[in-house]
Amino acid sequence: MESRTLTCIGCPMGCQVTINYDYINDTVDMDSITVTGNTCPRGREYAISEITNPTRTVTGTITLSNRDGRVAPVKTKSPIPKSKVSMVAEALMTISMEAPVKIGDVVINDICDTGVEVVVTNNIE
Amino acid sequence: MKKKIVIIGGGPAGLAASIAAKDAGIDDVLIIERGEHLGGILLQCIHNGFGLHTFKEELTGPEYAARYIEIAREKNVEAYLNTMVIDISRDKVVTCMSADKGIFTIEAESIILTMGCRERPRGALNTPGYRPAGIYSAGTAQKFVNIEGKLPGKEVVILGSGDIGLIMARRMTLEGAKVKAVAEIMPYSGGLKRNIVQCLDDFGIPLKLSTTVIDISGKDRVESVTLAQVDEKSRPIPGTEEIVPCDTLLLSCGLLPENELSTQMGVELSPVTGGPKVNESLETNIPGVFAAGNVLHVHDLVDYVSAEASQAGKYAALYVKALEAEKDDNLTENSESSVNAKSYAVTTGIGVRYTVPVSINPDRMDDLLTVRFRVANVYKNPEICVYFGDECIMRRKKLICSPGEMEQVILKKADMNKLKSGDAVKICLENV
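Chains P and C, in that order, are what the protein sequence lines are.
According to my numbering, the residues represented by the first sequence are 1 to 125, in order.
According to my numbering, the residues represented by the second sequence are 1 to 432, in order.
I should point out that these hints are in silico values taken from the structure, not numbers from a laboratory.
A quick note: this is a predicted structure, and the numbers were derived from the prediction, not measured.
C-beta: ideal position from N, C-alpha, C; glycine also.
Heads up, a few of these hints could be off.
Below, a sample of chain C positions facing chain P; criterion: calculated Cβ distance under 8 Å [what the hints assert, rightly or not]:
no.: 1; residue: Ile41
no.: 2; residue: Leu43
no.: 3; residue: Gly51
no.: 4; residue: Pro62
no.: 5; residue: Asp87
no.: 6; residue: Ser89
no.: 7; residue: Asp91
no.: 8; residue: Thr95
no.: 9; residue: Ser98
no.: 10; residue: Ile147
no.: 11; residue: Val197
no.: 12; residue: Lys380
no.: 13; residue: Leu399
no.: 14; residue: Pro403
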């Protein structure tokens, strides 16, 4: 039986959620999962997603090629697998765009084979 | 020039206040902003997690700001950018300065203070050592990385575990720097839980509690810092020193409300928060001068800044309307005495450091009034209690309270008639 205690980040409460689970052939046996310490259903969902498929939204910047090295903020439009966070961050460093840019402009359609768009998050003239 | 409501600062608080003032029926609203853009510090907070309460979705800082900027534009809120307020007099004359207009004054009927806060600088920390390059406040580093596109260093130690320090630990890591440690002098972090999880734990960055920087080496550039554990009185413990080679030290050691202008004009400040003492209407000791957001007390969630500032905007509008009504009725002489007649003090008991507001006039409060406060320490299973005099009128169990997360209680206007003359409203923790 595996056990992990996580801090739920579903809201500012930050519940300490403990999840117990077994593996069957290297995958989590969903029937074996027990979750304690959560005060709402989000705590349970969070704990399960953290042991089965943890994801993160990555935010960063891209260079504005015509603004003297200044940058524009960007984000992945939806969360990506946690294991690809560093890869995505590195990929963003190589990308540049011309200003003006506006919120929602698509920087890249599919970042690092995640199937997720990277979009601009500020309006820069 | 005359204006009905002048708002000092165009960050999240100023924007929300301006929108609420317009909604409450005052059209003549002006924001004065010293920066080039509206949005304030949100513009450099490019991480996500903003707006969960307000918009029920996770936005980045610039996106959250853009929502309010858009609404303010739709409502034709006037804003002077690149304009610095250098003085406000007690009778509400605002002296401003800008490159294109020079020095000019504005006579305001009401003023909303929304200047935000500043980071505690190295000079306030008494850290020994040389003054080499490579020591930045976390917010300065954030601006370099997220706006200017410059990485301030490659090997980083962060002193203080405030939210900006935690956010910058992740940001610098993702930009290719090595963050070696976050040192926190207190036995707990002052940052939000989710930031500790997602900014440190995710990247294996050690959080060293009860630890501080006792020396900084390097003459031209930081070469190393010496960390040491501290005892319960924050004194370094001999034998626990650890030299950590690095080229950059970021400071995230607390935020201070920016109240130079408020003090100059005679606004009374709380020694605990460093922000103005306000009543239920978020009005300072000077009638018609309101405060909201981080200038009032440092918040951890911008959603609460917006909510608080909306109240300030609404009350400023009501104040202006009351002034106009008085002028019409020619009854100006009796204005102030009637207002403060039935105020009750809000006091703090065990475990509560401060409250906003510090007094309540039930006649002027809405049906519901949010009292915000911070606790003094980390408490497990406390009960948040509200007393009217000796009588406990509200009791709420919590799993945990910590100084890093602002707490609140909501008072009902309908309950306020239980207050007897001379009573105070006391907020305290029990079972601690």
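Structure-based check of each hint:
no. : hint   : in the structure
1   : Ile41  : violated, 13 Å
2   : Leu43  : holds, 7 Å
3   : Gly51  : violated, 12 Å
4   : Pro62  : holds, 4 Å
5   : Asp87  : violated, 32 Å
6   : Ser89  : violated, 36 Å
7   : Asp91  : violated, 39 Å
8   : Thr95  : violated, 30 Å
9   : Ser98  : violated, 19 Å
10  : Ile147 : holds, 7 Å
11  : Val197 : holds, 5 Å
12  : Lys380 : violated, 10 Å
13  : Leu399 : holds, 7 Å
14  : Pro403 : violated, 13 Å
The structure fails hints 1, 3, 5, 6, 7, 8, 9, 12, 14 (numbered hints given earlier, in ascending order).
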